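2 protein chains.
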Amino acid sequence: MAATVGTGSPCGACKFLRRKCTPDCIFAPYFCSEQGPARFASIHKVFGASNVSKLLHHVAVADRCETVVSIAYEAQARIKDPVLGCVAHIFALQQQVQTMRVIKS
Amino acid sequence: MAATVGTGSPCGACKFLRRKCTPDCIFAPYFCSEQGPARFASIHKVFGASNVSKLLHHVAVADRCETVVSIAYEAQARIKDPVLGCVAHIFALQQQVQTMRVIKS
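For the protein sequence lines, the chains are A and B, in the order given.
Our numbering puts the last residue of the first sequence at 105; the count rises by one with no breaks.
Our numbering puts the last residue of the second sequence at 105; the count rises by one with no breaks.
It is worth saying that the hints were derived from the structure and are not from the lab.
Any given hint could turn out to be false.
Since the list can't tell identical chains apart, any single copy or any two copies may satisfy a pair.
Said to hold, decoys possible - Capping the alpha-carbon separation at 27 angstroms, the derived lysine-lysine pairs in DSSO-like fashion look like this: (1) Lys-104 with Lys-54; (2) Lys-54 with Lys-80; (3) Lys-15 with Lys-80; (4) Lys-45 with Lys-20; (5) Lys-45 with Lys-15; (6) Lys-45 with Lys-80; (7) Lys-15 with Lys-54.
It should be emphasised that the depicted structure is a prediction, and the values quoted were computed from it without experimental measurement.
Build out the structure end to end from the sequences listed, making use of the hints.
This is how it looks when you write it as structure tokens:
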């Protein structure tokens, strides 16, 4: 997640959104100019740029990277499985815990 | 999740969005007029009405109820924990599996 602030090239999110990347761009520290657009595309499709921007403004700066990682994970899971998204992973893990409990008892 | 199609009152989503609820409203079967607006509020805040509408149109009618349930779950988890959302549940379950493995071995 290379920051592109001040390098002249837009961040991956602004590149995807085809807009000017300003020095105070909330997305720039988390979406590099190269791999960033593809990463941002799934987030934009599932959550929308505006909602994610609001969310990032709402959390502390120190928590934003982890927020982007979890949002990207959820977005990719929802694109892969439109019905359950990452809830499918929760179901699978709950099933695994249940199975381990049965084997143990 | 009582359907409100044809009852005259708008569905919970349209009530929240303050718009006319049409007979072909994609949200109506899943958001009743009473509890629906509160349920839709969190979904709207996290994903946006337009994105969820697109998602529901993209999945089979038979899968839409489960899609709404998983989306509502993700939205509520994200509002409760803006940094990790429901990924916090995945981490907790992974930790539980790991602990059970250690105890077992």
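Comparing the hints with the structure gives:
1. For the homomeric pair Lys-104 and Lys-54, neither the shortest alpha-carbon distance inside one copy (46 angstroms) nor that between copies (44 angstroms) is at most 27 angstroms.
2. With identical chains, the CA atoms of Lys-54 and Lys-80 are at most 27 angstroms apart both within one copy (25 angstroms) and between copies (15 angstroms).
3. Within a single copy, Lys-15 and Lys-80 get their C-alpha atoms as close as 24 angstroms, which meets the 27 angstroms cut-off; across copies the closest is 31 angstroms, which misses it.
4. In this assembly of identical chains, the alpha carbons of Lys-45 and Lys-20 lie at most 27 angstroms apart whether taken from the same copy (20 angstroms) or from different copies (26 angstroms).
5. With identical chains, the CA atoms of Lys-45 and Lys-15 are at most 27 angstroms apart both within one copy (15 angstroms) and between copies (25 angstroms).
6. With identical chains, the CA atoms of Lys-45 and Lys-80 are at most 27 angstroms apart both within one copy (12 angstroms) and between copies (22 angstroms).
7. For a Cα distance limit of 27 angstroms, the shortest separation of Lys-15 from Lys-54 qualifies both inside one copy, at 19 angstroms, and across copies, at 23 angstroms.
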